[in-house]
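Asks: One-letter residues, chain by chain:
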Amino acid sequence: MNTNTFIAGRGFLYWFDARAKLLTVLLFSVMVFFPSQVVMLAILMALIFIVAWRAVTFKQALKPLRTLLFILVVMALFIPLNRRDGVALLVIKSYVIITKEGLNQFLTLALRLLIVTYLCTLYIWTTPMADINLSFRWYGLSYKVALTITLAFRFIPFIGETFTMIRDSHSLRSAHGESEGEKFHIKDLVPTVTSALVFALKTIPHLATTLEHRGFGSGLKRSDYKVLEAKGGLFIHFLLSAIILLTTFVLLNSI
Amino acid sequence: MNEKTKSKSPALSIALMSILTAVVVVFTIFPRIPTPIHGYINLSDVIITFSAFLFGPWVAAVAGGLGTGIADIIGGFPQWAVFSFLIHGLQGLLIALIARAGLKKGVPGDAKIYMQILGGVVGMVVMTGGYYLVGGFLYGFKPALVEIPLNLLQSGVGVVLGIVVSKGVLKAYPPVRSLAL
Numbered sequence: 000m001n002t003n004t005f006i007a008g009r010g011f012l013y014w015f016d017a018r019a020k021l022l023t024v025l026l027f028s029v030m031v032f033f034p035s036q037v038v039m040l041a042i043l044m045a046l047i048f049i050v051a052w053r054a055v056t057f058k059q060a061l062k063p064l065r066t067l068l069f070i071l072v073v074m075a076l077f078i079p080l081n082r083r084d085g086v087a088l089l090v091i092k093s094y095v096i097i098t099k100e101g102l103n104q105f106l107t108l109a110l111r112l113l114i115v116t117y118l119c120t121l122y123i124w125t126t127p128m129a130d131i132n133l134s135f136r137w138y139g140l141s142y143k144v145a146l147t148i149t150l151a152f153r154f155i156p157f158i159g160e161t162f163t164m165i166r167d168s169h170s171l172r173s174a175h176g177e178s179e180g181e182k183f184h185i186k187d188l189v190p191t192v193t194s195a196l197v198f199a200l201k202t203i204p205h206l207a208t209t210l211e212h213r214g215f216g217s218g219l220k221r222s223d224y225k226v227l228e229a230k231g232g233l234f235i236h237f238l239l240s241a242i243i244l245l246t247t248f249v250l251l252n253s254i
Numbered sequence: 000m001n002e003k004t005k006s007k008s009p010a011l012s013i014a015l016m017s018i019l020t021a022v023v024v025v026f027t028i029f030p031r032i033p034t035p036i037h038g039y040i041n042l043s044d045v046i047i048t049f050s051a052f053l054f055g056p057w058v059a060a061v062a063g064g065l066g067t068g069i070a071d072i073i074g075g076f077p078q079w080a081v082f083s084f085l086i087h088g089l090q091g092l093l094i095a096l097i098a099r100a101g102l103k104k105g106v107p108g109d110a111k112i113y114m115q116i117l118g119g120v121v122g123m124v125v126m127t128g129g130y131y132l133v134g135g136f137l138y139g140f141k142p143a144l145v146e147i148p149l150n151l152l153q154s155g156v157g158v159v160l161g162i163v164v165s166k167g168v169l170k171a172y173p174p175v176r177s178l179a180l
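Chains as they are written, first to last, in numbering that gives the first Met the number 0: chain A, 0 to 254; chain B, 0 to 180.
These are calculated hints, taken from the structure and not from any lab test. Since this is a predicted model, take the numbers as computed values, not measurements. Note that the Cβ used here is the ideal one computed from N, Cα and C, for glycine as well. It is possible that part of the hints are untrue.
To be verified - To list a few chain A residues with every Cβ distance to chain B over 12 Å, as calculated:
#, residue
1, Gly-8
2, Phe-11
3, Lys-62
4, Ser-93
5, Arg-136
6, Gly-139
7, Asp-223
8, Phe-234
Unchecked claim - Taking lysine-lysine and the BS3-like style, the derived pairs with C-alpha atoms no more than 27 Å apart in a straight line are:
#, chain 1, residue 1, chain 2, residue 2
9, B, Lys-111, B, Lys-170
10, B, Lys-166, B, Lys-111
11, B, Lys-170, A, Lys-201
12, A, Lys-143, A, Lys-201
13, B, Lys-104, A, Lys-201
14, B, Lys-170, B, Lys-103
15, A, Lys-201, B, Lys-166
16, B, Lys-141, A, Lys-92
17, B, Lys-141, A, Lys-62
To be verified - Simulated DEER-style distance windows between Cβ atoms:
#, chain 1, residue 1, chain 2, residue 2, range
18, A, Pro-156, B, Val-145, 30 to 38 Å
19, B, Arg-31, A, Arg-153, 22 to 30 Å
20, A, Arg-153, B, Ile-112, 34 to 42 Å
21, B, Leu-149, A, Glu-160, 25 to 33 Å
Please put together the full structure from these sequences, using the hints given.
Replies: Rendered as structure tokens:
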């Protein structure tokens, strides 16, 4: 089970400090929900896609779009139900299918969703998970919560692998031998989940003891094995963040 | 370290929350149960309900919130991570608080079955309603209606299996009671 979301690539997103980038993503995401013209949102989305294309490959940059395809189709199908008033653009047998206002509403919602999705995805693609955790620490996340997240990431592959082994051993006992990949049915669930949970729970006292042996809970200051370093100084990165946000704000309000 | 000391140790609470968070992540991403409409439901709600019944409100809130948030990030839906954290965190918290209301000792899983079901139903409402509100905000309230049946099914399966699995684990591994915070 792969927990790594980082994708090696090129461009300024990889140079950009994780803390400044996190602030930019958050404020940018809020900003696209301010009232703005569809054209401006479309330009913004096009720019973000180009940045994604430059950072990773074109094929990779299309992936978030694919994950949203189903909901975008549902949104498009709901246009006639959402807005029936305004200037009719498509009428079939006196039934108004699309109005100008309905289309405008659909495009606004779809573009906002796409922008927010691409921003969040680009952040996790271009920032190693350790840097994301350290960024949250820099913004005030407690040591205990950060440690919980780190340990959870450490145990995800182990528990995933254990679950696969338990599921496979349970399926060997059942009469229907044919494997269906990762799918399985309700009747197989209870014994598999119970066994996997008991196995996972048994690791808890060992992990607690290990943490105590390493001095956790002693009240002494914890060691930092990795420190975030901003190339060129953190101020430059936050200045760049402010410039990006200001430019976006001006762009969204220019019409 | 004896069991009594261990139950008060901060290391135990970190270990408990980390492992349960990892379990929530695995059960959100990994097992996919096919539905009649050719979709899939995941088992995150089973583990959240299980955590709420065996370990109480705070563990369920942290494990449920962090676990589903991390699963969204790993699974390619990072835009949902913050919302999943809040919705599933609240879901776990409320299930445990309601289930253990009136319980003098023991874990919420020892409560009367109708209190566990009530907690589970409230959790279903929180989960389905929460995702509907966020979905409505992100892509319109009418398109967001599409997700309601699947979310209800997923959280309903989660409540039923959560109750069954927590009883099963209590029977299969009795020392689990000493881990409850």
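Asks: All the hints need checking, so say for each whether the structure fits it.
Replies: Taking the hints in turn, this is what the structure says about them:
| no. | hint | verdict |
| --- | --- | --- |
| 1 | Gly-8 | holds (17 Å) |
| 2 | Phe-11 | holds (20 Å) |
| 3 | Lys-62 | violated (7 Å) |
| 4 | Ser-93 | holds (23 Å) |
| 5 | Arg-136 | holds (15 Å) |
| 6 | Gly-139 | holds (16 Å) |
| 7 | Asp-223 | holds (17 Å) |
| 8 | Phe-234 | holds (27 Å) |
| 9 | Lys-111/B / Lys-170/B | holds (17 Å) |
| 10 | Lys-166/B / Lys-111/B | holds (12 Å) |
| 11 | Lys-170/B / Lys-201/A | holds (14 Å) |
| 12 | Lys-143/A / Lys-201/A | holds (21 Å) |
| 13 | Lys-104/B / Lys-201/A | holds (23 Å) |
| 14 | Lys-170/B / Lys-103/B | holds (21 Å) |
| 15 | Lys-201/A / Lys-166/B | holds (17 Å) |
| 16 | Lys-141/B / Lys-92/A | holds (24 Å) |
| 17 | Lys-141/B / Lys-62/A | holds (25 Å) |
| 18 | Pro-156/A / Val-145/B: 30 to 38 Å | holds (34 Å) |
| 19 | Arg-31/B / Arg-153/A: 22 to 30 Å | holds (24 Å) |
| 20 | Arg-153/A / Ile-112/B: 34 to 42 Å | holds (36 Å) |
| 21 | Leu-149/B / Glu-160/A: 25 to 33 Å | holds (28 Å) |
Hint check: a violation occurs at hint 3 only; the rest are consistent with the structure.
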